[in-house]
Amino acid sequence: MEGIDQDDVIQILRMLEESTFDELHLEMGGLKLVASKSGKKASPAEGMKSDDGESTESKVAVEPAVQARKERPDIPQPSDIEENGFIAIKAPMLGTFYGAPKPGAPPFVEVGRLVSEDDSVCIIEVMKLFNTVKANVRGRIAKIYAENGQMVEYQQTLFLVEELEGTAETGEEENAS
Amino acid sequence: MSTKDRLLGYLKECKGDWVSGELLSRRIGITRSAIWKNISKLREEGYVIESSPRKGYSLSRISEMLLPNEIREGLDTGVFGRGEIIHFRETDSTNARAKELAIQGAPEGTLIVSESQTKGRGRKGRSWFSPSEAGIYASLILRPNMPPNEAPRITFVTAVSAAETLLALTSLEVAIKWPNDILVKNRKIAGILTEISAEMDTIDYMVVGLGMNVNNPLLPDDIEEKATSIFIETGKRFPKVRIVREYLRRQEKYYRILRDSGFEPILRRWKELTNTIGKRIVVEMIGKRYTGVVQDVDQEGVLILKDEKGAFHRILSGDVTFM
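Respectively, the protein sequence lines represent chains A and B.
If you're matching positions, the first sequence starts at 2 in my numbering and goes up one per residue.
If you're matching positions, the second sequence starts at 0 in my numbering and goes up one per residue.
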């Protein structure tokens with residue numbers, strides 16, 4: 002490989018992941034890098050080729066973190082609903098989403114369940130660091146966006162909570178921002 | 000200092016020599032029957048004290064338990080273990096106790112240790128074999144001033160500290176398996192499990208749990224192939240208290256380096272200690288399984304795996320098995 006090494010590729014992957022773009026095509030000399038978010042095969046499905054023509058066939062799949070939202074147009078976009086008084090519970094960090102305290106255990110919450118501020122709603126794990134996410138809002142779970150074992154992005158909406166009547170005046174409006 | 004502590008201090012000064020009950024009674028300023036009562040208390044705490052009607056008493060071995068006073072003796076940290084150290088003979092999980100204390104406001108550096116755990120935990124709710132007195136079960140409360148998405152850096156701080164502790168005190172060949180298992184000859188000797196409570200942009204508290212097999216002579220059949228202990232490797236019992244002190248010292252050192260100089264020096268040291276880069280591995284996640292070669296970890300410690308088809312995967316969590 003010329004002019005670009007593995008560290009560069011990793012760097013490029015990070016930049017792609019943090020960007021709002023879904024795909025990246027890069028050509029430098031004899032090298033061609035095609036990377037796509039959401040696990041889709043970037044088209045054309047070419048890999049990383051060195052100039053001696055030997056293909057290392059490197060399709061680069063960044064974990065499908067935003068897939069759920071993009072590929073299900075039937076689910077209303079969280080931002081739309083928030084305006085109608087729903088409150089989003091967002092991921093405080095990148096990681097693996099767990100809906101239950103341990104495998105086989107009943108989930109922390111289900112659609113329709115009432116939650117209050119201190120109730121745990123899920124766990125997010127990164128590298129054996131477990132973050133138990135609290136609802137931070139009082140209301141009824143209206144929607145669950147993440148699935149068990151799914152990778153979620155920082156700030157990705159995980160749940161929508163419908164504030165219940167009589168609780169709106171408790172001063173939690175700032176959570177809707 | 001309590002009478003019992005003064006008595007213990009004096010017996011330690013005598014370095015195993017016999018001291019008559021009468022002399023002890025005069026030195027400590029209590030009756031000989033009170034001496035006897037306090038000797039019994041110390042024995043309950045695991046100190047081995049010989050007694051003879053003619054010669055008196057002799058301290059032949061200090062307690063093998065992780066008693067707060069023993070941990071503090073010679074501890075040269077600034078914060079970690081300087082405040083409260085809570086010791087249990089048995090508890091469900093030191094992380095669970097630490098979380099309770101953190102919620103009640105326990106400050107950074109508070110240490111919870113137990114001689115045994117009834118519900119020692121690992122990833123995915125698995126248990127960590129925690130028999131009485133053989134291992135170290137320690138949880139440290141931290142309150143780092145950092146956004147939650149940087150919290151995983153602390154697990155690398157802990158892995159480096161635990162690995163260096165074993166390297167400093169033993170002659171074992173120690174390696175870190177991504178992200179933070181401590182291995183000796185490819186068998187697990189220590190594990191780290193970190194839990195945090197956070198808002199969107201601040202960490203409320205963090206609990207760093209360390210489980211280490213120290214004096215376990217045998218491990219259950221189902222983990223024998225995958226686990227080991229200092230005793231199994233060296234044939235000698237090792238004072239757990241020395242390990243805890245050294246671990247606290249290094250944990251504090253690297254925690255400060257992280258705060259003052261960022262993650263790069265931590266990750267650099269971690270890379271010197273890991274055996275995972277370049278290995279062929281299987282990673283198992285919920286509903287997913289990847290096989291491939293570890294290319295590297297990125298600047299946040301995320302594992303980069305190249306699978307058999309040449310595709311790269313960023314691995315945030317999962318069970319890693321070497322092939």
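Since the hints were derived computationally from the structure, they do not count as laboratory data.
Treat the hints with care, since some could be wrong.
As the list claims (entries may be wrong) - Stretch-level coverage of chain A by chain B, calculated; a stretch enters the list once three of its residues show a Cβ under 8 angstroms from a Cβ in chain B: (1) 106-112; (2) 126-132; (3) 142-154.
C-beta: ideal position from N, C-alpha, C; glycine also.
Each hint tested on the structure:
1. Restraint check on the region 106-112 of chain A versus chain B: 1 residues with Cβ-Cβ distances below 8 angstroms, three needed, restraint violated.
2. With a cut-off of 8 angstroms between beta carbons, the region 126-132 of chain A has 7 residues touching chain B; three or more are needed, and the interface restraint holds.
3. Proximity of the region 142-154 of chain A to chain B, defined as three or more residues with a beta carbon under 8 angstroms from a beta carbon of that chain, is established by the 3 residues found.
Consistency with the previously given hints fails for number 1 only.
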